[in-house]
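> As they're listed, the protein sequences go chains A and B.
Number 40 in the numbering used here belongs to position 40 of the first sequence; there are no gaps in the numbering.
Number 7 in the numbering used here belongs to position 7 of the second sequence; there are no gaps in the numbering.
Worth flagging that the hints you see were computed from the coordinates, not collected in a lab.
Please note that a few of the clues may not be correct.
Said to hold, decoys possible - Below are the PhoX-like pairs computed for lysine-lysine, each with C-alpha atoms no more than 20 angstroms apart in a straight line: (1) B:Lys-97 / A:Lys-57; (2) B:Lys-105 / B:Lys-46; (3) B:Lys-88 / A:Lys-57; (4) A:Lys-57 / B:Lys-83; (5) B:Lys-29 / B:Lys-83; (6) A:Lys-57 / B:Lys-105; (7) B:Lys-29 / B:Lys-46; (8) B:Lys-83 / B:Lys-57.
What the hints assert, rightly or not - Output of the computed footprint for chain A on chain B, the stretches with three or more beta carbons under 8 angstroms from beta carbons of chain A: (9) 19–32; (10) 35–49; (11) 84–98.
In this text, a Cβ means the ideal position worked out from N, Cα and C, and glycines have one as well.
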Amino acid sequence: STTTLTTPQNQVEGLLHEMADEAGLDLNLELPQGQSGSVGNSVASAEQDELSSRLAKLRDQM
Amino acid sequence: GTAAWRAKDPVGQGQGQVQDSDRVRNHHKQAFEYISVALRIDEEEKGPKLQAVEWYKRGIVELERGLSIDLGPGTGETTERDKRLQAKMATNLVMSKDRLELLAKVVSGSSQ
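One chain only, chain A, in its complex shape (with noise of 0.2 angstroms):
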């Protein structure tokens, strides 16, 4: 079957950063130049705040 080939590329692109967005998960996604924009932005986005959290708790525990 090829259903998942013809899925919308916005509608996949569109449901990927919510998730990343909402979860602030770190997905790992490798998708292909060009597709990973928004997406891989908004995940590496949260993982940067992530380590700023991180950092910080560590700078206040001293």
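Keeping the supplied structure of chain A fixed, place chain B upon it in accordance with the hints.
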């Protein structure tokens, strides 16, 4: 044959230059991985701090590389996102350096 398959490969290595946007994200990813390792060690009270120091250093190098990419004056949505990512990377660069400095003192004070 193999050549035909390669020619159709949309993400093959021979595709040309990598976009600045992807370069920023690649450095982010590398930095995230290194600093995550550093944090895992550092968060253990008796973790080997000297190792954490080394991982922080690697992460800092990657953050600096990502920040050295000039995204230009563009105001498109992607550029804006990339700039926000760089701003977060800059914050973590400062925090990592602070942490590294403190750890370096702890390490040199306790073991040498």
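> If a hint holds in the structure, say so; if it doesn't, say that too.
Hint check:
The straight-line distance between the Cα atoms of B:Lys-97 and A:Lys-57 is roughly 15 angstroms, inside the 20 angstroms bound, and the hint therefore holds. In summary, the hint linking B:Lys-105 to B:Lys-46 is supported, as the alpha carbons are separated by about 16 angstroms, within the 20 angstroms threshold. For the hint pairing B:Lys-88 with A:Lys-57, the CA-to-CA distance comes to about 17 angstroms; that is within 20 angstroms, so the pair holds. Note on A:Lys-57 and B:Lys-83: the hinted pairing is violated, with a Cα-Cα distance of about 25 angstroms set against a maximum of 20 angstroms.
Of the pairs offered as hints, the one joining B:Lys-29 and B:Lys-83 holds, with about 15 angstroms between alpha carbons and a cut-off of 20 angstroms not exceeded. At roughly 19 angstroms between alpha-carbon atoms, A:Lys-57 and B:Lys-105 fall within 20 angstroms of each other, so this suggested pair holds. With a CA separation close to 27 angstroms, the supplied pair B:Lys-29 and B:Lys-46 exceeds the 20 angstroms bound. For the given pair, B:Lys-83 sits about 23 angstroms from B:Lys-57 by alpha-carbon distance, which is inconsistent with the 20 angstroms threshold.
Coverage of the stretch 19–32 of chain B by chain A holds in this model, with 7 residues showing a Cβ closer than 8 angstroms to a Cβ of that chain against a need of three. Note: the stretch 35–49 of chain B has 5 residues with beta-carbon separation from chain A under 8 angstroms; the three-residue rule is met and the coverage holds. Counting residues of the stretch 84–98 of chain B whose C-beta sits closer than 8 angstroms to any C-beta of chain A gives 9, which meets the bar of three, so the coverage hint holds.
Consistency note: the structure conflicts with the earlier hints numbered 4, 7 and 8.
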